[in-house]
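Visitor: Go by the hints and put chain D onto chain Z.
Line by line, the protein sequences give chains Z and D. If you're matching positions, the first sequence starts at 7 in the working numbering and goes up one per residue. If you're matching positions, the second sequence starts at 7 in the working numbering and goes up one per residue.
FYI, nobody ran anything at the bench for these hints, they're computed from the structure. Being a predicted model, the structure only gives us computed values, none of them experimental. Some hints here could point you the wrong way.
Since the list can't tell identical chains apart, any single copy or any two copies may satisfy a pair.
To be verified - In the DSSO-like style, the derived pairs of lysine-lysine whose C-alpha atoms are separated by at most 30 angstroms in a straight line are: (1) Lys50 x Lys115; (2) Lys115 x Lys16; (3) Lys16 x Lys133; (4) Lys79 x Lys16; (5) Lys140 x Lys12; (6) Lys133 x Lys18; (7) Lys18 x Lys140; (8) Lys140 x Lys66; (9) Lys12 x Lys115; (10) Lys16 x Lys66; (11) Lys65 x Lys140.
There are 2 protein chains.
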Amino acid sequence: MSSSAKWLNKVKWDEYGLVPVIAQEVGTNDVLMFAWMNRDALEKTIASGEAVYWSRSRKKLWHKGEESGHTQKVHEVRLDCDEDVVLLKVEQVGQIACHTGRHSCFFQKFAGDANDGDWQTVEPVLKNPDTIYK
Amino acid sequence: MSSSAKWLNKVKWDEYGLVPVIAQEVGTNDVLMFAWMNRDALEKTIASGEAVYWSRSRKKLWHKGEESGHTQKVHEVRLDCDEDVVLLKVEQVGQIACHTGRHSCFFQKFAGDANDGDWQTVEPVLKNPDTIYK
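Bound conformation, chain Z alone (with noise of 0.2 angstroms):
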């Protein structure tokens, strides 16, 4: 394994040496979380078959599932036109990609209109936060 592959230089990272990584769900093609990957989280995430983030916030690498137990097991990884965006199709072991318990972080779904508007939960807590992270 070396952090020199052409393959890792073909993507464009940006000025923190980042890239925006989609995961989508293979079968259902749900989109189930939004993050973000560095150059040795991608070379980690092909290399072991489960997603490697970048965390911004603890600024280190995040193996997605490490606490949980609900890893991501990548089926494909995809790169765009531009070359500066990722998307993964994973099987998300346990259903539950969010930190909330829930299937999909993206749980809330606008609702109204421009004016007067409103976020709305929209999904289930499949499984109690409190129980995932022990």
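Guide: Just chain D, lined up with the frame of chain Z:
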């Protein structure tokens, strides 16, 4: 329409006043593209029912499809758990979201392993871009 709308304040805009946006096709659930919005773009998207992004390269609002005709009719707008990523569920007019003339921008698929891999084009061009952008 007021840019002080409460629902706009709930979005956590980044240091550039932007939020990442994923556009997903209604029905197929295909991820079509990734772009950015500022406050004005999100408000115009909700108000008009068509996707309006912020072009970081051109530094101006970008009504998707304004040149190509490939607009996106917005069926749903979602916000993630951290309130810093937006997901649009759209009907893609012309079935072409990508400026290369493809259905989706995510047409390059990783093949191989971490040592010896590469990105391969796996989706067809549906329409020659020269005939899209006259």
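Visitor: Hint compliance check: list the failing hint numbers for this structure, sorted ascending.
Guide: 5
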